[in-house]
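In order, the protein sequence lines correspond to chains F and C. In this text, residue positions in the first sequence follow the numbering used here: the first is 1, and each later residue adds one. In this text, residue positions in the second sequence follow the numbering used here: the first is 1, and each later residue adds one.
If you are wondering where the hints come from, they were derived from the structure by calculation, not from laboratory data. Warning: the hint list may mix true and false statements.
Which copy is meant is left open, because identical chains are indistinguishable; a pair holds if it fits in one copy or across any two.
[Stated by the list, open to error] Derived SDA-like pairs (lysine to any residue); straight-line CA-CA distance at most 25 Å:
1) Lys54 x Trp20
2) Lys133 x Thr48
3) Lys133 x Gly145
4) Lys133 x Asp174
5) Lys54 x Tyr88
Number of protein chains: 2
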Amino acid sequence: MPPAPGDHDARRRDVSEAVWRVLAARGFGQLTLRAVAAEMGASTGMLTHYFPAKRDLVRYAHAIAEERTLAALYRELDVTGLAALREYLLDVLPLTPESVAMNRVWVSFWDAAIGDEELAATETARYERWRGKLRPHVLVALEKGEIPADTDVEDVVASAAAITHGLVVQALFDPDRFPPARQVRLIDDYLRTLRCPSTTGSTT
Amino acid sequence: MPPAPGDHDARRRDVSEAVWRVLAARGFGQLTLRAVAAEMGASTGMLTHYFPAKRDLVRYAHAIAEERTLAALYRELDVTGLAALREYLLDVLPLTPESVAMNRVWVSFWDAAIGDEELAATETARYERWRGKLRPHVLVALEKGEIPADTDVEDVVASAAAITHGLVVQALFDPDRFPPARQVRLIDDYLRTLRCPSTTGSTT
Numbered sequence: 001m002p003p004a005p006g007d008h009d010a011r012r013r014d015v016s017e018a019v020w021r022v023l024a025a026r027g028f029g030q031l032t033l034r035a036v037a038a039e040m041g042a043s044t045g046m047l048t049h050y051f052p053a054k055r056d057l058v059r060y061a062h063a064i065a066e067e068r069t070l071a072a073l074y075r076e077l078d079v080t081g082l083a084a085l086r087e088y089l090l091d092v093l094p095l096t097p098e099s100v101a102m103n104r105v106w107v108s109f110w111d112a113a114i115g116d117e118e119l120a121a122t123e124t125a126r127y128e129r130w131r132g133k134l135r136p137h138v139l140v141a142l143e144k145g146e147i148p149a150d151t152d153v154e155d156v157v158a159s160a161a162a163i164t165h166g167l168v169v170q171a172l173f174d175p176d177r178f179p180p181a182r183q184v185r186l187i188d189d190y191l192r193t194l195r196c197p198s199t200t201g202s203t204t
Numbered sequence: 001m002p003p004a005p006g007d008h009d010a011r012r013r014d015v016s017e018a019v020w021r022v023l024a025a026r027g028f029g030q031l032t033l034r035a036v037a038a039e040m041g042a043s044t045g046m047l048t049h050y051f052p053a054k055r056d057l058v059r060y061a062h063a064i065a066e067e068r069t070l071a072a073l074y075r076e077l078d079v080t081g082l083a084a085l086r087e088y089l090l091d092v093l094p095l096t097p098e099s100v101a102m103n104r105v106w107v108s109f110w111d112a113a114i115g116d117e118e119l120a121a122t123e124t125a126r127y128e129r130w131r132g133k134l135r136p137h138v139l140v141a142l143e144k145g146e147i148p149a150d151t152d153v154e155d156v157v158a159s160a161a162a163i164t165h166g167l168v169v170q171a172l173f174d175p176d177r178f179p180p181a182r183q184v185r186l187i188d189d190y191l192r193t194l195r196c197p198s199t200t201g202s203t204t
């Protein structure tokens, strides 16, 4: 007897949750059908029905992470300019157990993407989409006069993304030295320097 | 007949080179005895002599990457302060094919480290060692008056490491948008902002 439709959906959710727990605890490098099956208390055979190859499992895991990330990326903000940029950067940092898990998954995914052209292209596009979400707020900051008129918007977008992801990695590997309050302070320090007149360097 | 000592050393070098090529091309996630054997045109059986378990292979790969990284980290500089900090940050960026390969290995290693407490501890220590190499130059910049007197040295060290590693990841996945000249410009822009008076933000 085939399972009722409701059973099938519930099973898919179970699979998603198990994949997520394995990813957050062990990373993509150790994401295997066997590990997911053990996490669910199910058989590897049942899972091969969903994922005929390891690659299918990695793609599925990637899709789950993407879905969980997008919710934060498209939320509405009631601030603009640098204050909005700040919100988007703080969204990414590992400030809560949930965002620690999310970041472990994404940092781990970089490894999978490095060895796979198609996944690397997905990552390239994902980065550009993220920068695309930051860009309008830098433009508004420019229009509002929060940052110097000759600021290179693309470069600020890239450096904001860079300092945030670089903090993510340091904080993941050293939560004692990078507690949430320090991560937030480092982002605030960075945003403060964006206001700095661009001629500062010319005195050297 | 056992191999002559010279043969053994040569074989170890061959293994190292093969491990490195597999790492740079495919990342830690795809580093397997089979892949290394294929790269060498050797048998998997020969390699199990060197690496009884996958874990041994990963540790060995890590040791090779470490050795190649340390050479750059301990070179002498003929500049001091922010100019020396700049040199150390540029050393890390993927500006040449060799440094692209090195960075692919390290970014990939983050995945292996996320799922393994001992490797994660190694990564934590490695980060602190890197920050320890940057720190004296920030202190000299402070003494020379290149940066404001109330600068938090530890925070500058952390943000310098952050922006550099965040650029590494973006550049690896999008070399067209992050050619070497732009990477260097972004670091120079960041170093310029370090000179910014720390009271800039108080006007908001």
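When Cα atoms must be at most 25 Å apart, do Lys133 and Thr48 count as within-copy, between-copy, both, or neither?
neither (37 Å within a copy, 48 Å between copies)
Evaluate Lys54 and Trp20 at a C-alpha cut-off of 25 Å and name the case that applies: within, between, both or neither.
both (15 Å within a copy, 24 Å between copies)
Go through the copies and call it for Lys133 and Asp174: within, between, both or neither, with a Cα cutoff of 25 Å.
between (28 Å within a copy, 17 Å between copies)
How would you label the pair Lys133, Gly145 (within, between, both, or neither) given a Cα cut-off of 25 Å?
So Lys133 and Gly145 pass the 25 Å test inside one copy only (20 Å; across, 37 Å).
Tell me, please, which holds for Lys54 and Tyr88 at an alpha-carbon limit of 25 Å: within, between, both or neither?
neither (33 Å within a copy, 39 Å between copies)
The earlier numbered hints that this structure contradicts are 2 and 5.
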